[in-house]
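Asks: For the protein sequence lines, the chains are A and B, in the order given. Take the numbering used here: the final residue in the first sequence is number 189, and no numbers are missing along the way. Take the numbering used here: the final residue in the second sequence is number 189, and no numbers are missing along the way.
Careful: at least some of the hints might be erroneous.
Heads up, the list lumps identical chains together, so a pair's fine if it works in one copy or across two of them.
Claimed, not checked - Derived DMTMM-like pairs (lysine to aspartate or glutamate); straight-line CA-CA distance at most 25 angstroms:
#1 46 x 62
#2 179 x 148
#3 179 x 62
#4 161 x 62
#5 97 x 148
#6 166 x 148
#7 54 x 176
#8 54 x 26
#9 115 x 62
#10 115 x 37
#11 46 x 25
#12 54 x 25
#13 83 x 142
#14 92 x 182
#15 166 x 67
#16 45 x 67
#17 165 x 77
#18 166 x 134
#19 45 x 148
#20 141 x 37
#21 161 x 56
#22 54 x 182
#23 115 x 26
#24 166 x 62
#25 153 x 77
#26 153 x 182
#27 92 x 26
#28 165 x 111
#29 71 x 134
#30 115 x 186
In short, the hints are calculated from the structure, not lab data.
Spelled out from the first residue to the last, the chains are:
Number of protein chains: 2
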Amino acid sequence: MRYPNGIQKEYRSITNYANRGMTLEEDLNVTNEYYRDRNIAIIYKKPTPITIYKVDYPSRKEAVIREARFKIPSTTDYNGIFKGKYIDFEAKETAHKTSFPLSNIHAHQIEHLRKIIQHGGIGFLIVRFTSFQETYLLTGKDFFNFIDQQTRKSIPYSYFKEVGKKIPIGLSPRLDYLKLIEVNYEIKE
Amino acid sequence: MRYPNGIQKEYRSITNYANRGMTLEEDLNVTNEYYRDRNIAIIYKKPTPITIYKVDYPSRKEAVIREARFKIPSTTDYNGIFKGKYIDFEAKETAHKTSFPLSNIHAHQIEHLRKIIQHGGIGFLIVRFTSFQETYLLTGKDFFNFIDQQTRKSIPYSYFKEVGKKIPIGLSPRLDYLKLIEVNYEIKE
Numbered sequence: 001m002r003y004p005n006g007i008q009k010e011y012r013s014i015t016n017y018a019n020r021g022m023t024l025e026e027d028l029n030v031t032n033e034y035y036r037d038r039n040i041a042i043i044y045k046k047p048t049p050i051t052i053y054k055v056d057y058p059s060r061k062e063a064v065i066r067e068a069r070f071k072i073p074s075t076t077d078y079n080g081i082f083k084g085k086y087i088d089f090e091a092k093e094t095a096h097k098t099s100f101p102l103s104n105i106h107a108h109q110i111e112h113l114r115k116i117i118q119h120g121g122i123g124f125l126i127v128r129f130t131s132f133q134e135t136y137l138l139t140g141k142d143f144f145n146f147i148d149q150q151t152r153k154s155i156p157y158s159y160f161k162e163v164g165k166k167i168p169i170g171l172s173p174r175l176d177y178l179k180l181i182e183v184n185y186e187i188k189e
Numbered sequence: 001m002r003y004p005n006g007i008q009k010e011y012r013s014i015t016n017y018a019n020r021g022m023t024l025e026e027d028l029n030v031t032n033e034y035y036r037d038r039n040i041a042i043i044y045k046k047p048t049p050i051t052i053y054k055v056d057y058p059s060r061k062e063a064v065i066r067e068a069r070f071k072i073p074s075t076t077d078y079n080g081i082f083k084g085k086y087i088d089f090e091a092k093e094t095a096h097k098t099s100f101p102l103s104n105i106h107a108h109q110i111e112h113l114r115k116i117i118q119h120g121g122i123g124f125l126i127v128r129f130t131s132f133q134e135t136y137l138l139t140g141k142d143f144f145n146f147i148d149q150q151t152r153k154s155i156p157y158s159y160f161k162e163v164g165k166k167i168p169i170g171l172s173p174r175l176d177y178l179k180l181i182e183v184n185y186e187i188k189e
């Protein structure tokens, strides 16, 4: 969506940043849009990876995909830059009340996050427990501390409560996770 | 494609890195795979952005996209991390012999690159002149120096020859653009 500058944009800011968010993905989209509009950070959700098998060209200017399938992603969904640092994270919702099942994240995505951290990037998870409408940021360090020392196939809700950082839902930005990144990581400009 | 570890993987490295590359995109894919396999950098091409209109579910486990359209990308195609630095670039081929038409890059992608550089990332272009089979890296600085001072709708081939950095085609890695990044940017580990 593109809007003209000025009042129209301001209007959009006031109404939409506050009201549009519903799912975690939507909340993150409006938050990242907020960050970009204010030049705080440049972070995007990556497009869903697909394999295209068939494309029709109904006219010279038009291409319509007629057969495609979803691919298992090799990377996390979100990445970008914040204060010169490479940012990379995966965001997931769960309806479970006692734990976050690790089956929600593909093995490749976990290994991707591990590598990002090895290379000096800031990698983390954002997990929403939809039953409680609570959203937590789990730093890469806390995430790997858990999965490297446990054989459990899920991370208990209590671990998020104790070790995770709860992200408050705000008006604008909707889900200010970068504030928690600033507090929990050493970020020098 | 997934391969078992060990000999099989080594075999793949020897054969495919050298022979698979043909288009610039393929050359970059095998190069980035090489960088990832050797833990030099974690850089991926983003999936092509599409809007999905219709999905069929022929079985419980299967989803087939039956109608989708290509979207204009808001960002560049490639990003990732190298020695702790955020890397972001666009790669294009042109069959033109005297210049690289700027119409090959969307305005949003150019503004995206500009912002990445403002935020402390390493942003650049890789352009291949297919008629000469020559591939150039144009640093963000050199790219914006040109487009901010010119009203031309293309960048002359001579500018790439004089100011761009030619990327040699190698056996493995196929297109070692990160070597040029190391030389042309101050990268401290």
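Asks: So, for every hint listed, does it hold in this structure?
Replies: Results for each hint:
| no. | hint | in the structure |
| --- | --- | --- |
| 1 | 46 x 62 | both (23 angstroms within a copy, 22 angstroms between copies) |
| 2 | 179 x 148 | neither (27 angstroms within a copy, 34 angstroms between copies) |
| 3 | 179 x 62 | neither (43 angstroms within a copy, 40 angstroms between copies) |
| 4 | 161 x 62 | neither (50 angstroms within a copy, 36 angstroms between copies) |
| 5 | 97 x 148 | within (23 angstroms within a copy, 55 angstroms between copies) |
| 6 | 166 x 148 | within (23 angstroms within a copy, 44 angstroms between copies) |
| 7 | 54 x 176 | neither (41 angstroms within a copy, 33 angstroms between copies) |
| 8 | 54 x 26 | between (30 angstroms within a copy, 20 angstroms between copies) |
| 9 | 115 x 62 | neither (40 angstroms within a copy, 31 angstroms between copies) |
| 10 | 115 x 37 | between (30 angstroms within a copy, 11 angstroms between copies) |
| 11 | 46 x 25 | both (12 angstroms within a copy, 18 angstroms between copies) |
| 12 | 54 x 25 | between (29 angstroms within a copy, 20 angstroms between copies) |
| 13 | 83 x 142 | both (22 angstroms within a copy, 23 angstroms between copies) |
| 14 | 92 x 182 | within (21 angstroms within a copy, 36 angstroms between copies) |
| 15 | 166 x 67 | neither (41 angstroms within a copy, 39 angstroms between copies) |
| 16 | 45 x 67 | both (23 angstroms within a copy, 22 angstroms between copies) |
| 17 | 165 x 77 | within (20 angstroms within a copy, 32 angstroms between copies) |
| 18 | 166 x 134 | within (7 angstroms within a copy, 51 angstroms between copies) |
| 19 | 45 x 148 | neither (27 angstroms within a copy, 29 angstroms between copies) |
| 20 | 141 x 37 | between (30 angstroms within a copy, 23 angstroms between copies) |
| 21 | 161 x 56 | neither (50 angstroms within a copy, 39 angstroms between copies) |
| 22 | 54 x 182 | neither (45 angstroms within a copy, 41 angstroms between copies) |
| 23 | 115 x 26 | between (27 angstroms within a copy, 23 angstroms between copies) |
| 24 | 166 x 62 | neither (45 angstroms within a copy, 35 angstroms between copies) |
| 25 | 153 x 77 | within (21 angstroms within a copy, 34 angstroms between copies) |
| 26 | 153 x 182 | neither (30 angstroms within a copy, 41 angstroms between copies) |
| 27 | 92 x 26 | within (12 angstroms within a copy, 32 angstroms between copies) |
| 28 | 165 x 111 | within (22 angstroms within a copy, 33 angstroms between copies) |
| 29 | 71 x 134 | neither (29 angstroms within a copy, 33 angstroms between copies) |
| 30 | 115 x 186 | both (19 angstroms within a copy, 23 angstroms between copies) |
Hint violations for this structure: numbers 2, 3, 4, 7, 9, 15, 19, 21, 22, 24, 26 and 29, all remaining hints satisfied.
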